[in-house]
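J.: Single-letter residue listing:
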Amino acid sequence: MQLLAKDINKKIKNKNILIDINLKLDSGNIYGFVGRNGSGKTMLFRALSGLMKIDSGEIIYDKKILHRDMTILPNMGIILENAGLYPEFTGFKNLKLLAQINSKIDSAQINEAIIRVGLDPQDKRIVRKYSLGMKQRIVLAQAIMEKPDVLLLDEPTNALDDSGVELIRTIILEEKKRGALILIASHNKEDIHLLADKVYYMDNGNIIDRVV
Amino acid sequence: MKVYFKYLVYGIFCGIFQMLLYFRIGEKVLFSDIILVLSFYKPIFYISSIMDMVMNLIPIFIFQILYGTYIYRHFCSASVYYFTRCTNRRKWFLKESIKLFGYIILYLIILLISSTLFCMLNFEVVFDKGSIQLMCYFLIIFSVWFYITTISINIISILIGSHYSVAVVLSIQLILVLLLNVFDTCIPFENNLAINIILLKINPISHLVISWHSSKIPYVNKLINLLDINFVYDSSIVYLGLLGVIITMVGCIIINNKQIIYFNRETGGL
Numbered sequence: 001m002q003l004l005a006k007d008i009n010k011k012i013k014n015k016n017i018l019i020d021i022n023l024k025l026d027s028g029n030i031y032g033f034v035g036r037n038g039s040g041k042t043m044l045f046r047a048l049s050g051l052m053k054i055d056s057g058e059i060i061y062d063k064k065i066l067h068r069d070m071t072i073l074p075n076m077g078i079i080l081e082n083a084g085l086y087p088e089f090t091g092f093k094n095l096k097l098l099a100q101i102n103s104k105i106d107s108a109q110i111n112e113a114i115i116r117v118g119l120d121p122q123d124k125r126i127v128r129k130y131s132l133g134m135k136q137r138i139v140l141a142q143a144i145m146e147k148p149d150v151l152l153l154d155e156p157t158n159a160l161d162d163s164g165v166e167l168i169r170t171i172i173l174e175e176k177k178r179g180a181l182i183l184i185a186s187h188n189k190e191d192i193h194l195l196a197d198k199v200y201y202m203d204n205g206n207i208i209d210r211v212v
Numbered sequence: 001m002k003v004y005f006k007y008l009v010y011g012i013f014c015g016i017f018q019m020l021l022y023f024r025i026g027e028k029v030l031f032s033d034i035i036l037v038l039s040f041y042k043p044i045f046y047i048s049s050i051m052d053m054v055m056n057l058i059p060i061f062i063f064q065i066l067y068g069t070y071i072y073r074h075f076c077s078a079s080v081y082y083f084t085r086c087t088n089r090r091k092w093f094l095k096e097s098i099k100l101f102g103y104i105i106l107y108l109i110i111l112l113i114s115s116t117l118f119c120m121l122n123f124e125v126v127f128d129k130g131s132i133q134l135m136c137y138f139l140i141i142f143s144v145w146f147y148i149t150t151i152s153i154n155i156i157s158i159l160i161g162s163h164y165s166v167a168v169v170l171s172i173q174l175i176l177v178l179l180l181n182v183f184d185t186c187i188p189f190e191n192n193l194a195i196n197i198i199l200l201k202i203n204p205i206s207h208l209v210i211s212w213h214s215s216k217i218p219y220v221n222k223l224i225n226l227l228d229i230n231f232v233y234d235s236s237i238v239y240l241g242l243l244g245v246i247i248t249m250v251g252c253i254i255i256n257n258k259q260i261i262y263f264n265r266e267t268g269g270l
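From first to last, the protein sequence lines stand for chains A and B.
Read left to right, the first sequence gives residues 1 to 212 (the UniProt record's numbering).
Read left to right, the second sequence gives residues 1 to 270 (the UniProt record's numbering).
Read the hints as simulated data drawn from the structure, not as lab findings.
Since the structure is predicted, the reported quantities are computational estimates derived from the model, not experimental observations.
A few of these clues could be false.
[Unchecked claim] Facing chain A, from chain B, some residues (calculated, C-beta under 7 Å):
#1 31
#2 78
#3 84
#4 87
#5 260
#6 261
[Claimed, not checked] Here are the simulated lysine-lysine pairs, DSS-like style, with alpha carbons at most 27 Å apart:
#7 96(A) to 216(B)
#8 222(B) to 104(A)
#9 53(A) to 11(A)
#10 95(B) to 104(A)
#11 258(B) to 6(A)
#12 104(A) to 91(B)
#13 95(B) to 6(B)
#14 147(A) to 93(A)
#15 93(A) to 201(B)
#16 222(B) to 42(B)
#17 222(B) to 93(A)
#18 216(B) to 201(B)
#19 99(B) to 104(A)
#20 11(A) to 216(B)
#21 216(B) to 93(A)
#22 91(B) to 147(A)
#23 96(A) to 258(B)
#24 91(B) to 63(A)
#25 96(A) to 6(B)
#26 53(A) to 201(B)
#27 91(B) to 93(A)
#28 135(A) to 93(A)
#29 124(A) to 147(A)
#30 64(A) to 258(B)
#31 53(A) to 258(B)
#32 63(A) to 129(A)
#33 95(B) to 63(A)
#34 129(A) to 96(A)
#35 53(A) to 28(B)
#36 96(A) to 95(B)
#37 258(B) to 15(A)
#38 91(B) to 96(A)
#39 124(A) to 6(B)
#40 42(B) to 93(A)
Even for Gly, the Cβ is constructed at its ideal location relative to N, Cα and C.
Can you build the whole structure from these sequences, using the hints too?
T.: Below, the structure is given as structure tokens:
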């Protein structure tokens, strides 16, 4: 399957956030997005996911146009920087609540996703009490638990120690092997270098360069 | 959401609180009086009576504050992860609204039961003729009002944040109560002009005062109709019902078009 972005533009409060973005992304590949803070990486992920509407252009997935044929990108897993879970619930309860929206997976599969990111599904602590690294892991668990076709990962290795980073990289490569289309935005050059098949450089809402 | 069940306990305290304000002496209490007390009893347009009405708003305010984030909370925490899974936000909003309405009915029933049980501990409660009809009116009219105001808080919260929305909706209700006195000062109700009745009927708060209504059933009408005007329940149900439908439609539009650009505005996350 293919995700296409055709001339997408977005303005917020008279500021151009995304300018003439064109992308052609295929399943089974990892695409890296790099750029300094405020360059538009997270906004691009929001637009591609459908969480944010674009002012002009088209986002096409599986021959369907976003916001015309579908409201959000179907069967997608996402991590956005600073976006959290319900702080008053345990990790398992958070994932259960999210899984109930589409009822695609059962408790056993939720447990499996939690174990996969190196956490304990029986942990009774609420997410507010989690360390930053644990929060990052549980957020990744929610992104991969339903075996999505598209994964949008904004700074997936943030706040993780070396072993955590290694584990997350392994999971991302496993997801690629499964056939998922993966987009990663990261400040970590090593992440991009090791994982991405293609790298896009962003600046001021533009894609200024592409490296294969 | 199971977490919201615990808030229903507040209904017990509110029910007892309301009864403490009114029933202190005497041997018998009519069940119809319990219903009337829960619906502002028998207010007149003087400021002292209006202040009593404000006291009677407390159970409504408590519910509105506790459930004012029932839908909005999904836009505060985990909004990104919630709404990337929710393909039909309109359907989701309607489902959540129905659940909220269920909580409202439960809260009102708890309020009613706690009031009645508290009275039973201190007095002999007499289930008089017409009280069951009054109870049905109370449940219908108050549930719709609770729904309109609580959904409004949730919707306004999505637009401008929960602190402002609670203040806005609570203030509007207080202003509507005070308007009753203002209208009476400008055009005294005892003159019984058509304009008085129109002003009374367009103020949504008036529709909550059961004792101001009239009924086609003579023994029910005898218990109420304090103002001796044609103010039937059916019109109140239609009026408030229409407001409920309008606010639900507005909510559907706002929620469907809400862009998740900012997240965790209030409760934080990562």
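J.: So, for every hint listed, does it hold in this structure?
T.: Okay, the hints, checked on the actual structure:
Interface hint status for residue 31(B): violated, as the beta-carbon distance to the closest one in chain A is roughly 40 Å, over 7 Å. Below 7 Å, beta-carbon pairs count as interface contacts, and residue 78(B) has one with chain A at about 5 Å; its hint therefore holds. The interface hint given for residue 84(B) holds, since its Cβ lies 5 Å from the closest Cβ of chain A, which is under the 7 Å cut-off. The interface hint given for residue 87(B) holds, since its Cβ lies 6 Å from the closest Cβ of chain A, which is under the 7 Å cut-off.
Taking 7 Å as the C-beta cut-off, the interface hint given for residue 260(B) holds, the closest approach to chain A being about 4 Å. The criterion of a C-beta within 7 Å of any C-beta in chain A is met by residue 261(B), whose closest approach is roughly 6 Å, and the hint holds. Using a Cα cut-off of 27 Å, the hinted pair residue 96(A) and residue 216(B) is violated, with the two alpha carbons roughly 52 Å apart. For a cut-off of 27 Å, the pair hint linking residue 222(B) to residue 104(A) is broken: about 58 Å separates their Cα positions.
Between the alpha carbons of residue 53(A) and residue 11(A) the distance comes to roughly 10 Å, so the proposed pair stays at or under 27 Å and holds. Using a Cα cut-off of 27 Å, the hinted pair residue 95(B) and residue 104(A) holds, with the two alpha carbons roughly 19 Å apart. Proximity of residue 258(B) to residue 6(A) is assessed by CA-CA distance (about 23 Å); at most 27 Å being required, the pair is judged to hold. Among the hinted pairs, residue 104(A) with residue 91(B) is consistent with the structure: their alpha-carbon atoms are about 18 Å apart, no more than 27 Å.
Among the hinted pairs, residue 95(B) with residue 6(B) is consistent with the structure: their alpha-carbon atoms are about 20 Å apart, no more than 27 Å. As the CA atoms of residue 147(A) and residue 93(A) are separated by approximately 19 Å, the hinted pair is consistent with the 27 Å bound. At roughly 47 Å between alpha-carbon atoms, residue 93(A) and residue 201(B) are farther apart than 27 Å, so this suggested pair is violated. This hinted pair checks out: residue 222(B) and residue 42(B) have alpha carbons roughly 13 Å apart, not beyond 27 Å.
Taking the CA atoms of residue 222(B) and residue 93(A), the gap is near 54 Å; set against the 27 Å cutoff, the hint is violated. With a C-alpha separation of about 18 Å, the suggested pairing of residue 216(B) with residue 201(B) holds against the 27 Å cut-off. The hinted pair formed by residue 99(B) and residue 104(A) meets the criterion: a straight-line CA distance of about 23 Å does not exceed 27 Å. Annotation: proposed proximity of residue 11(A) to residue 216(B) is violated, straight-line Cα distance about 60 Å (limit 27 Å).
Distance hint between residue 216(B) and residue 93(A) is unfulfilled; the C-alpha atoms sit about 52 Å from each other, more than 27 Å. A hinted pair counts as satisfied when its Cα atoms are at most 27 Å apart, and residue 91(B) with residue 147(A) qualifies at roughly 25 Å. Restraint check: the Cα-Cα separation between residue 96(A) and residue 258(B) comes to about 24 Å, which is no more than 27 Å; the hinted pair holds. Between the alpha carbons of residue 91(B) and residue 63(A) the distance comes to roughly 25 Å, so the proposed pair stays at or under 27 Å and holds.
Simply put, residue 96(A) and residue 6(B) have alpha-carbon atoms about 21 Å apart, close enough for the 27 Å limit, and the pair holds. At roughly 42 Å between alpha-carbon atoms, residue 53(A) and residue 201(B) are farther apart than 27 Å, so this suggested pair is violated. Between residue 91(B) and residue 93(A) the alpha-carbon distance is near 23 Å, which keeps this suggested pair within the 27 Å criterion. For the hint pairing residue 135(A) with residue 93(A), the CA-to-CA distance comes to about 14 Å; that is within 27 Å, so the pair holds.
As the CA atoms of residue 124(A) and residue 147(A) are separated by approximately 25 Å, the hinted pair is consistent with the 27 Å bound. Restraint check: the Cα-Cα separation between residue 64(A) and residue 258(B) comes to about 21 Å, which is no more than 27 Å; the hinted pair holds. Only pairs whose Cα atoms come within 27 Å are accepted, and residue 53(A) paired with residue 258(B) is accepted, the gap being roughly 9 Å. Distance check on the hinted pair: residue 63(A) and residue 129(A) sit about 43 Å apart at the alpha-carbon level, beyond 27 Å; violated.
Under the criterion of a C-alpha separation no larger than 27 Å, the hint pairing residue 95(B) with residue 63(A) is inconsistent with the structure, at around 31 Å. For the proposed pair residue 129(A) and residue 96(A), the alpha carbon gap of about 18 Å is at most 27 Å, so the pair holds. A distance of roughly 63 Å separates the Cα atoms of residue 53(A) and residue 28(B); the hinted pair therefore is violated under the 27 Å criterion. A hinted pair counts as satisfied when its Cα atoms are at most 27 Å apart, and residue 96(A) with residue 95(B) qualifies at roughly 18 Å.
A hinted pair counts as satisfied when its Cα atoms are at most 27 Å apart, and residue 258(B) with residue 15(A) qualifies at roughly 19 Å. At roughly 20 Å between alpha-carbon atoms, residue 91(B) and residue 96(A) fall within 27 Å of each other, so this suggested pair holds. For the suggested pair residue 124(A) and residue 6(B), the alpha carbons sit about 20 Å apart, so the restraint of at most 27 Å is met. For a cut-off of 27 Å, the pair hint linking residue 42(B) to residue 93(A) is broken: about 48 Å separates their Cα positions.
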